[in-house]
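Undergrad: Going by my numbering, the first residue of the sequence shown is number 182, and it counts up by one from there.
What the hints contain is simulated information worked out from the structure, not anything from laboratory work. Virtual Cβ for every residue (Gly too), placed ideally from N, Cα, C. Just so you know, not all the hints are guaranteed correct.
[As the list claims (entries may be wrong)] Taking lysine to aspartate or glutamate pairs in the EDC-like style, the calculated list, with each CA pair at most 20 angstroms apart, reads: (1) Lys333 - Asp322; (2) Lys333 - Glu413; (3) Lys333 - Glu395; (4) Lys333 - Glu391; (5) Lys333 - Glu349.
[Stated by the list, open to error] Simulated restraints, written as ranges between beta carbons of each label pair: (6) Tyr184 - Leu352: 17 to 27 angstroms; (7) Glu217 - Arg191: 17 to 27 angstroms; (8) Gly198 - Thr311: 35 to 45 angstroms; (9) Leu312 - Leu352: 16 to 26 angstroms; (10) Ala324 - Pro405: 35 to 45 angstroms; (11) Ser197 - Leu315: 33 to 43 angstroms; (12) Thr311 - Thr248: 12 to 22 angstroms; (13) Tyr406 - Asp321: 35 to 45 angstroms; (14) Leu315 - Ala221: 28 to 38 angstroms; (15) Leu315 - Arg345: 12 to 22 angstroms; (16) Leu352 - Thr186: 22 to 32 angstroms; (17) Arg286 - Gly342: 35 to 45 angstroms.
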Amino acid sequence: MPYTTVNGIRLFHTDSGTGTPVLFLHGWGSSGRVWEAQIADLADDHRVVAMDLRGCGRSDHPAADNTTDANVTDILALMDVLDLDQATLVGSSLGATFALEAALRSPHRVAGVVSISGPGYWPGQGMSDTLCSLRAALLDDRAAALAGWVPKWFGPEADPGLARQTVEQILQSGSWVTDLLNERETGDPRETLAQLTVPALFLHGRLDSEIPLEVSSTLAALAPYGEFHVIERAGHMAHQEQPAAVNALIRSFLARSAADTALTV
182 MPYTTVNGIR LFHTDSGTGT PVLFLHGWGS SGRVWEAQIA DLADDHRVVA
232 MDLRGCGRSD HPAADNTTDA NVTDILALMD VLDLDQATLV GSSLGATFAL
282 EAALRSPHRV AGVVSISGPG YWPGQGMSDT LCSLRAALLD DRAAALAGWV
332 PKWFGPEADP GLARQTVEQI LQSGSWVTDL LNERETGDPR ETLAQLTVPA
382 LFLHGRLDSE IPLEVSSTLA ALAPYGEFHV IERAGHMAHQ EQPAAVNALI
432 RSFLARSAAD TALTV
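The task is simple: from the sequences and hints, build the whole structure.
TA: So, in structure tokens, the structure goes:
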């Protein structure tokens, strides 16, 4: 079975294809299953790894250390075990937070970052009350809260089955992942993006009602090697709603990164 134990946590992951490595990081509470369209496309000519983060999906569900720092440590440790000296990290929403933090912590391990509708809120967006209400609702009736919240992640053209599948994935994750929402009230990625030394592609669904479009456009402008693209007719889960458009942009980014690497060798 595709399990690897790092930092005392058993992590589920898939590993397919050969070539330049790409590591996919899902968002809050879901699993690596959200990347099926990207894996099917990129595995033809890349090594593609998709993991279930700690507390999520088929990985262990620890009651403690459900933090950004612990997740980044897991990601880098998994790369060690899989002999990934360097990889491009693709993260959705909270997964983008982890991807950017990994690049800031260990830039020599990260060839580039693709952030999709992330990395998250910052205090100036006034999300404190919303997040507090959300945490309370999840603790009171997790299934009902998710049934009311998750469909809003998707644009009006999305297959309703995507929201149902996402709710099912989150219900299979540990309840302790709610702890990660606590960090959203104080984290501010703007403070560190100027220190990012790797290329970063920020993609954002035009219809994202969960995280404002300005998050990605602002961070792309702050990152020294950042670029920004809007995914039309997509909400917060652009990689599932408009996979062809997202895949094309990821492929272009990977090709340019490979060309830049070749020029420096």
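Undergrad: Looking at the structure, which of the earlier hints fail to hold?
TA: none
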